[in-house]
Amino acid sequence: MDFSFTEEQTALRDVARRRLATPVPPSWRELHDLGWLDKDLDAVDTALLAEEAGRAHAPSEWLITQALAQDACHAAGRPLAQPTTLAWREPEPGPSRLDGPLDALACRAERAPGGAVRLYGIKTRVPYATGIEVVLVLARGADGPGLYRLPLAALEGEPRTLSGVDTGRPWLELDLAGVPAEPLLTGAATGALMRRIRHRALTLLACEAVGLARAALDSAVAHARSRSQFGRPIGAYQAVSHRLVDVYSDIELAASLAYVAAWRLNDTGDEDQTATAVAAATIAARDAALFACEAEVQTFGAAGFLWEHPATHRYRRARWISCFDGTTDEHRGALGTAVLDAPW
Amino acid sequence: MDLRETAEQVRFRAELRAWLSARLPAAADGPAPVGGWTGPATRAWLAELHGAGYAGLTWPARYGGRGLPISFQAIYLEEAARVGAGEHGGVIGLGMVGPTIIAVGTAGQKARYLPGILSGQVLFCQGFSEPEAGSDLAAVRTQATLDGDAFVVTGHKVWSSYAHLADRCLLLARTGPADSRHRGLTCLLVDLRAPGVTVRPLRRLPGDADFGEIVLDEVRVPRGDVLGTVGAGWSVAMTTLAHERGTFGFALTARLESQLRRLVATAHAAGRAGDPLLRDRIASVYVDLLALRWTSRRALSRLGACEAPRPESSIVKLRWSQANQRLTALALEVLGPDAALDGDAAYWSGFWQYHQLRSRANSLEGGTSEILRDVLAERVLALPRAR
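Sequence order for the protein chains is A and B. For what it's worth, my numbering labels the leading residue of the first sequence as 1, then goes sequentially. For what it's worth, my numbering labels the leading residue of the second sequence as 1001, then goes sequentially.
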């Protein structure tokens, strides 16, 4: 048993932290050169990068690509060449979650005789960020559900955008209307692939939430050391310091769970064990991030409540993460069922 | 990073589990006996452990231990908790006093005490807290005055676990001036059978009396029983407490896991397993359990071999106490109106009533939650001192 990171992993993390601390975020080209899109990054490596992205409040196209497109591209033998998102959700009564139900899928992929594959139907709540160029669309084709690669530029006109609680992460709504697309992966393995994507997306978002929480704590602690009221730094008051200790404890516990979940992703053996680890990490990391951001706002007082303050945007991102593919209560309910019903 | 146990660890766990289950009935999801071990039962169990090579796993081989890494002690604590054998009067000697003697004791003290601690012939307790020195341990008043070849000790120690079973006490006494705080303290290995020592049990909120008070009235303690040097008692006491907090996390987490298994069994027995509200709250406790387990292991990987744990490890104690209090209160809610019964009239003979009431000490013993938060605020977050 060894719960420590390799030297390569700490080096990867430290370089990422330093690079992301500079004012201009790395371009897609630079991310490529930094190795953040390499196909031999394992899930723990990627988890550490996601944590740093969360800490730095980095632009989202890398995280969305890694969370939602990496598994499919890897399975299809494609590099992560362009910033890519995934369209799985449909209006009622279509599938809402990454893991289905697939039999509710209404979007269709049809091949014209001798021609291209064209997509039909409506996709909603597609995670988006500036820079995203490609959408992988979940649709039903001749041999069942599959994933189809659609460059956004192929759509006629601009897709409709829904504002997000995280201003850096709006949502797309796609009316496919017969747009041509390229089959990426189709057939019976799609269900298992979608479950794997779900585990990876939830885990990387948990890691991002941990990093975001660490940034909120660091910022609140720095303020509590320097801000004086009634003649003392406010961090000397236990009402302030003890809350920050509780935030710190939440973060350390959530980080342990997030790393375990990432490590389990590398091992495709036991899906139930992976599901448990992912659910625990998701619940703990979301709650830690919300608590950390709320404590940051509280520590800064009214100054932390201003739109210009970084606390505002961290908190909004934590809110975005906290309802991704199932509310935290839904994850908790599923985990409780597993604990009560299955031997463990 | 590889979260699987090594082949050696897997083998150790399997052998230990087989050995334990041959001696103790598996209590994995049934009630374990409530209340304390008697002195003879504690000594007999320690002798069995010693005979099988499970006492002093991390102690160096030259002191009768097995010289194994802490991870093996963690496995031992987990397996012992599974069968309800985790908590008994021997743990103070094996886990705290013994390692402190190994760290700072003289050759004579090592030869005299370590074999008895391993075999169960010498049971130790700890005499730190006093009526006027609880969280503020540097306020200790028990006075030790040198008189020829012995210290004469007078004072009053309280909240000493298993004092009624113990032969000896690791006592923190004042050898400096009354206002010398942590600089004027000395640790003594006191014979509890010596003239002038009175040990009285203190009955606790759950009704048991597993700890007591020690009154010392001009007790003569030979100079040779000073542990460490005169005046260095504070750092010796901190060594002891660090050992308490080091692997203790594994014992606590393992006990929490056993209790959660029992809670699940109780929920099924009470017909409440389908209740969505209960599922939600059980999931929360399960997340706490996994988080504590993996955080202990992560801390262990950072720690390396047998160093004192860093202040970060306080979060395991802090959060375990909350989780155990929540879990046991949840068990009483599952019992519903029957939670008002106790003893033989109650489900599992009052197992949950005992453990819920007992859990209120979790946020007091081994450092109150308030003190742990102060320590974390100052030493980890580097916030300004509150006091």
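Just so you know, the hints here were simulated from the structure itself, not pulled from any lab data. Yeah, the Cβ is synthetic: ideal placement off N, Cα and C, and Gly gets one too. Hints should not be assumed to be uniformly reliable.
[What the hints assert, rightly or not] Derived list of chain B stretches under chain A, where covered just means 3 residues or more per stretch with a C-beta under 8 angstroms from a C-beta of chain A:
#	stretch
1	1004-1011
2	1060-1071
3	1129-1138
4	1270-1280
5	1374-1385
Evaluated hints:
no.	hint	in the structure
1	1004-1011	holds (count 4)
2	1060-1071	violated (count 1)
3	1129-1138	violated (count 0)
4	1270-1280	holds (count 5)
5	1374-1385	holds (count 9)
When each numbered hint is compared with the structure, violations occur for hints 2, 3.
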